[in-house]
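S.K.: As you go down the protein sequences, you meet chains A and B in turn.
For the first sequence, the numbering used here begins at 1 and goes up steadily by one.
For the second sequence, the numbering used here begins at 1001 and goes up steadily by one.
In short, the hints are calculated from the structure, not lab data.
Bear in mind that the values here come from a model prediction, so they are computed numbers and not experimental data.
Heads up, the beta-carbon is just placed ideally off N, CA and C, and yes, glycines get one too.
There may be inaccurate statements among the hints.
Claimed, not checked - Among the chain A residues that face chain B by a calculated CB cut under 10 Å, a handful are:
no. : residue
1   : Ala-45
2   : Gly-47
3   : Ile-157
4   : Gly-234
5   : Thr-244
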Amino acid sequence: MNELATLSIDGPVATLVINRPEQHNAMSIGMLEALHRCVDELEVAEGVAVTVLTGAGRSFCAGMDLKQVIIDKDSGGSGEPLLPKRLLASLGRLTVKIRCLPSVVVAKVNGAAIGGGCGLACVCDLVVTHADSMMGFPEVDLGLCPAVVTPWLVRKIGGGPARAVLLRGGVMSGQRACEIGIADIVCPDRDSLGAAVDEVVGRYTSAGHQALFATKSLLNDLDRSRDESIVLRGAELSAAVLATEEAQASLIARLK
Amino acid sequence: MIQISDDNGVRTIMFDRPDKRNALTPEMLDGLVESVRAVALGKGADANVRTVLLCGNGAAFCAGFDLDLCRDDGPEQSVMKSFLVGLNAAVEAMRACPRPVVIAAHGAAIAGGCALLGGADYVVADRGAKLGYPVVRLGISPAVSAPFLLDSVGPGPARRRLLDAKLFDGVEAARIGLVHELTETPDEAIECAHKIARAMASKSIKAMKVTKAWTMEIAGEKKMPGRAARALDASVSLVTGDEAIRRLASVWKK
């Protein structure tokens, strides 16, 4: 079986790839576990100044795997009532781990970053995408609540704008995401994304690495990023809404 | 002076004083508070309301308090005080409402009109709309708006805009995050706000309620207990002072 996430380290630059391209890198429990393993490895890797997080293929991450958050087996779900809760808690813990990596983490959003996938991007220190990528939080359109990733969006763009984005639902272009601060750098098209990321990665690697680590660490203290209990409460809230009949019915309709 | 109508889960509350650019009276604020609180309580027909839309009749959303009503106010400034208390109650009611609140800030949202935006979850304005808090010129403190503006736009822009009486346009309001969607014309802003309110009303009540409450909690809105009361007091305590009385009087001399 292919690895659902891969890590490669080249000098001061690590690349972490979400690797389930045939499913648009939708998050399954197996993939989250693979990401946890990679991040654990990164935590202790020496000499890494920058980590680039990206998706294999033409998407960054399409969010939760529908088949793992639908409970009813006959409707195409997992048949495991506790799986969505485990998934969300695992995603929550993963986001805190990524945020607390010593290296600067760059999200290279190479296509769709939806729901939890967009949340994964918001955790990163910098988000780079292309103008016609697709980003956003359509959870409320499906009767869901993106509570587990809400803390990261609030820390990224502030409480008021976060409320507007999350209650509006839907998705937006990479261009629009950059206008409202979800993305930090936008390049014209997918072909120019690599160069745009390389340019900013070059600036990080040529800076003082201890200075980067100390600055990032302070920022994490200031916005309480290390507090895992907030995202875990969010995971519970998300899971509770997800388990309602209304939400399950709309997920099943979406799967069909 | 306000019109309230329910349609397909959207409660539209429209300020209806177009000849006065929808300048507020204390009664209009009371009506707004009462209607939004009823949605929060959700009794009877109010239970069917899934989104609240606030807009104005005519060219401007709202030009702020109708200062003409303060003209013959005594030294106690009781009309001005009731404006400030009503404004604070309106913003608090919108925030506490479990349903999303959309505002069409078409044309102009000035002073008290701009302060109302602090209660919205989603604000649509036209690019050329005029917004701002020009009240310090009158010796009035916009302190009552401070907690809500801090939550909406963060400390930097909040300081800039509350202390500087200069108006700004819709484009700048969107840049700082006070407005969430821009249109070319004021009419389009109203249309767009209606469209968004209808879309929000079609979504799951539970998902919207939990998402609104959780986002506000995460943003630390409960951080300083009693902060809204303290902000209101800062505004109210100033209005009986010499400076406010002198500067307000100069408005009517013009």
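S.K.: Are the hints correct? Go through all of them and say.
M.R.: Okay, the hints, checked on the actual structure:
1. The closest approach between the C-beta of Ala-45 (chain A) and any C-beta of chain B is roughly 31 Å, which is over the 10 Å cut-off, so the hint fails.
2. A hinted interface residue such as Gly-47 (chain A) counts as satisfied when its beta carbon comes closer than 10 Å to some beta carbon of chain B; here the least separation is about 35 Å, so the hint is violated.
3. Of the supplied interface hints, the one on Ile-157 (chain A) holds, with its beta-carbon coming within about 7 Å of a beta-carbon of chain B, less than 10 Å.
4. The closest approach between the C-beta of Gly-234 (chain A) and any C-beta of chain B is roughly 7 Å, which is under the 10 Å cut-off, so the hint is satisfied.
5. Proximity of Thr-244 (chain A) to chain B holds as hinted, the smallest CB-CB distance being about 6 Å (cut-off 10 Å).
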